[in-house]
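There are 2 protein chains.
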Amino acid sequence: MVKTTERWIQSQQYRKWDLRCLKLQPLSPVPSDIEISRAQSPKAVDVLAKEIGLLTDEIEIYGQTKAKVRLSLLERLKDQPDGKYVLVAGITPTPLGEGKSTVTIGLVQALTAHLSINSFACLRQPSQGPTFGVKGGAAGGGYAQVIPMEEFNLHLTGDIHAITAANNLLAAAIDARILHENTQSDKALYNRLVPAVNGVRGFSAIQLARLRRLGIYKTDPDTLTEEEVRKFARLDIDPSTITWQRVVDTNDRFLRKITVGQANTEKGFIRQAQFDIAVASEIMAILALTTSLQDMKERLGKMVVANDKKGEPVTAEDLGVTGALAVLMKDAIKPTLMQTLEGTPVFVHAGPFANIAHGNSSVLADKIALKLVGEKGFVVTEAGFGADIGMEKFFNIKCRASGLVPSVVVLVATVRALKMHGGGPNVTAGAPLKKEYTEENLQLVAGGCCNLQKQIQIAQLFGVPVVVAVNIFKTDSAAEVDLVCKIAKQSGAFDAVPCNHWSAGGGGAVKLAQAVEEAARQKTSFKYLYSLELPIVEKIRIIAQKVYGAQDIELSPAAQSQVDRYTQQGFGNLPICMAKTHLSLSHQPERKGVPTGFILPISDVRASIGAGFIYPLVGTVSISNCRSSSTFFLLF
Amino acid sequence: MVKTTERWIQSQQYRKWDLRCLKLQPLSPVPSDIEISRAQSPKAVDVLAKEIGLLTDEIEIYGQTKAKVRLSLLERLKDQPDGKYVLVAGITPTPLGEGKSTVTIGLVQALTAHLSINSFACLRQPSQGPTFGVKGGAAGGGYAQVIPMEEFNLHLTGDIHAITAANNLLAAAIDARILHENTQSDKALYNRLVPAVNGVRGFSAIQLARLRRLGIYKTDPDTLTEEEVRKFARLDIDPSTITWQRVVDTNDRFLRKITVGQANTEKGFIRQAQFDIAVASEIMAILALTTSLQDMKERLGKMVVANDKKGEPVTAEDLGVTGALAVLMKDAIKPTLMQTLEGTPVFVHAGPFANIAHGNSSVLADKIALKLVGEKGFVVTEAGFGADIGMEKFFNIKCRASGLVPSVVVLVATVRALKMHGGGPNVTAGAPLKKEYTEENLQLVAGGCCNLQKQIQIAQLFGVPVVVAVNIFKTDSAAEVDLVCKIAKQSGAFDAVPCNHWSAGGGGAVKLAQAVEEAARQKTSFKYLYSLELPIVEKIRIIAQKVYGAQDIELSPAAQSQVDRYTQQGFGNLPICMAKTHLSLSHQPERKGVPTGFILPISDVRASIGAGFIYPLVGTVSISNCRSSSTFFLLF
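Which chain is which? The protein sequence lines are A and B, in order.
Just so we're aligned: the first sequence equals residues 1 to 636 in UniProt numbering.
Just so we're aligned: the second sequence equals residues 1 to 636 in UniProt numbering.
Calculated directly from the structure, the hints in this document are not laboratory data.
Beta carbons are placed, not taken as given, at the ideal position from N, Cα and C, and that holds for glycine.
Careful: at least some of the hints might be erroneous.
[Unchecked claim] Taking lysine to aspartate or glutamate and the EDC-like style, the derived pairs with C-alpha atoms no more than 20 Å apart in a straight line are:
| # | chain 1 | residue 1 | chain 2 | residue 2 |
| --- | --- | --- | --- | --- |
| 1 | A | LYS511 | A | ASP495 |
| 2 | A | LYS43 | B | GLU58 |
| 3 | B | LYS330 | A | GLU150 |
| 4 | B | LYS187 | B | GLU228 |
[Stated by the list, open to error] Example chain B residues on the side facing chain A (calculated, C-beta under 7 Å, incomplete):
| # | residue |
| --- | --- |
| 5 | GLU58 |
| 6 | TYR62 |
| 7 | HIS155 |
| 8 | HIS161 |
| 9 | LEU169 |
| 10 | PHE254 |
| 11 | GLN262 |
| 12 | LYS511 |
Take these sequences, add in the hints, and give me the full structure.
Given below as structure tokens:
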């Protein structure tokens, strides 16, 4: 009875959280991220969960500071209006990044701990590869962090491990299947697939579904004709078409290209393969885009892993592993609750690669958070790479999958990156910054603001207001920052404000929070950039021309033939997920600012059918497993 | 104050748990394992934790039914006497297994739920490979199970995933190191290893330790001579000696033998390698044998991964990754608390392979459980394979690492296996049983009891009393079971009793529990079989002759040269972990009963220096990654 009443109250009204925020006393100079993280004591996660309106049976605690949230909550709160939905995107970055994660975290710290507005940050789970590589963690930085940092960066609640297990189970099934089909008769295969149990044999539900796909409507295994047995028992996978790779959540450059099957037991069926980084698995993209357990299961089943010898797609469902994949992923589908340095709530869920996938955290975390913050609250999430890539995919792919409508885009810029776009010297990770970046140079800043302007215009294509957040470094001069804000507003931004969250925590992002709150009151007219019904090539052209500013696109023969194949296979209606360098609006990383007059080369086209998108490879973009190629730091 | 008093009481007295047991109402015929598991509602794990005397801040809850237990408990209860320590081992098994896990679980269900004696089962975490292969789960079976079965069999609390991550980080570091050393000058390597941070460079603690190992006592990086720079910067790993393999927790036969490094970026440094199954990682063996976080870190650092070109061992510490490995393993070191079908406590922790490692669950779980059950309570744990392998390693390796003294051995036998040893036809997994096994045949039973007798004698070598548990199948006749019990007692067993836990739960193992309780009151005089000071070959010979009944041993030249190398490298004082088939007391799986007159061939000798044992390979034993070679079931 008590529970029912509690549920009723929670579902009927907007509630400002009674949240105990954690006090921050920022030091100067700012200590290291790990020192800041360890100096703060997080609240017990069950306390936090209660503060934001979660019921006891809606969370599954993992240790003291992490909890998974059950999807049943969506049903309980289904009649509650959503909060405001804010996307943090960036201008075309330097290799050092613009600080989108710290802005995301600083913004929610400001909203909730300083302005008493309910808010949630929804973040991606980082790969452990770069964590142990040169990149470091992804928990934010300075006084805008998720804590405890180690819990965020390592293992978390095991989602990436579950993805790895599911991905590799499917990979093993593919090779094992090919081997068995190559070495056994139709009848032997059939007898192993449909064995007699205590003298009786019958088809499983999954086998009956496969039979129906093959146009066979028999239910007694003993009545199939030889031809039907053959069709049922053989997938006839063409090994040269296998697109499903094994994955590992480690930067392991020696696995980029390997030969498998060299043991005698595999009877000579060797082939070349590779390991991708775990977050590049299509299963990760599915986790990010799925809306329910049933939907996830269907998407897992639809994943295409190869073609058969007739050119027809072979799916995970054909291999009969959908159930096993879904059971391995049954906990991963629940978002993980953590907190910021100031004790405000954060969801960490899914972290698909931003090149071959869409680079956004999960739809489910956003949906749950939008219910929890209530009508006047805010959910802030982040898009990987520059706005031309991450934001475009957020709108055209993620928002399409979720049906959610964004309220505001926060566009993060740094003086450093703008100077680079204005003609400053190269910025390289690991090398000291040139003096152009440490001394005032208004001319370079002014010259580079074209990139900011272009990214603002891209957001406006989708009908969403933009607030520019200038992420302040101590070497930035006041005049430089003022100039950026002025140009941003002239370029159509709703507002532009400097942010000091890195050195000051949420208190340093209050102006940003206020600007976002105001912008969210604007009437928006969100729209997708293209209709799914358009041909694949047309959709690619729209993105290239309207977003990147290309003159046109040019498909290689391989790309064109893939487009034809996917269209013929019935996958032409999927959205497009461009795999392009993030270091330029064009396909050429060295072209900064706003390149024009270029023809965007599409070298290949691939598809993630379960996740639900086609991904064209632009130019020579690398979709390698190990984006951070050096594990050199590991040497000592 | 409250907490202090609570701690005091708990540490001062033996306490019979006030445990709410779960009622079982066994059905006939016995439903499937998963049906039985799902029909029972487990207690919330925090309730269970409280019932057995754990304090709130000593557990970390993972969902509703699993919790990790903190090692701080060992400090709090250090003055409390240990309970009785019971090992469940088996006779030489058929490929279908003897049911050691069900006996272990049935026994604790009987002790606690039926006799009100505190007890704990300490089990291994199963690999997911066989779970999705032909073997099925390892949560027990019938009415003697750990619940929920899916939680036990999948992911658990992520320990195996952590091991995989740590193992593969080390593997990546080895290849990356070799590549960098092959392609860079001494000076370039040195500058990357000891970079100037803000113009200043210094050695890390881990680097200073390495310098000391090299006999260099300088602390200023700029004062090393060219020769010292070279010694410091180069490990000079001989690629042909690399013994560290990558691992995956999936049965993936195509990874048994692979070639890595074939991408252009690796500049031609290809080499042949393999993936082992994750539970075969030395890190798993370390997790099972370690006694504290500090000890684990030291063992991780000591792992030898290759030799350098002078034949000296290269360790994880030399590669500088000890800290990274330890942080990846910081949660895995805590045992996971679960429960049986009758609500009694279970620890699940570590699951090293029983061939290349010692095949026992963790020392830490046993130690904690022995404190929690109190002086009059029982901790029951299991040794993999037959007693000649698993039990021998339990005594000589695990008990040596822990310092714990076993009270009783429960030796599990089945009428089926005894008939096989008496000359019955082959027993093959997947094939129907021959009629000799389904009809009464006293002659075969009597003939096979020699194996039971031999295994009893092996336990007696260590001075530990034996209770024989006859694991009853419905096809066993009363006369057959009586005969086994009679011969067992004549052969020196303290007692021998039939067990019906599979069909009846703890109620079916009450007689076994009573026999074990009585046996545990015997005065024991536990002793190891050999002294560590003996030469490696002598230790191997003692095991071969006294345990297996071999006439002598014969080392291949390769094995002899490895023995010489390890002895020269200072590893001669480690215990021995035999890698032998479990299907015979000899090295030949087809020789059943008690083979005699054989010379045990030692084909190779390897070492797990971090785990702390030498492992000779006996005959043609396979230590392949994928013990269950078929993933065929995955096809549909």
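Each hint tested on the structure:
{"no.": "1", "hint": "A:LYS511 to A:ASP495", "result": "10 Å, holds"}
{"no.": "2", "hint": "A:LYS43 to B:GLU58", "result": "17 Å, holds"}
{"no.": "3", "hint": "B:LYS330 to A:GLU150", "result": "10 Å, holds"}
{"no.": "4", "hint": "B:LYS187 to B:GLU228", "result": "11 Å, holds"}
{"no.": "5", "hint": "GLU58", "result": "12 Å, violated"}
{"no.": "6", "hint": "TYR62", "result": "5 Å, holds"}
{"no.": "7", "hint": "HIS155", "result": "6 Å, holds"}
{"no.": "8", "hint": "HIS161", "result": "4 Å, holds"}
{"no.": "9", "hint": "LEU169", "result": "5 Å, holds"}
{"no.": "10", "hint": "PHE254", "result": "4 Å, holds"}
{"no.": "11", "hint": "GLN262", "result": "4 Å, holds"}
{"no.": "12", "hint": "LYS511", "result": "32 Å, violated"}
Checked against the numbered hints above, the structure breaks hints 5 and 12 and satisfies the rest.
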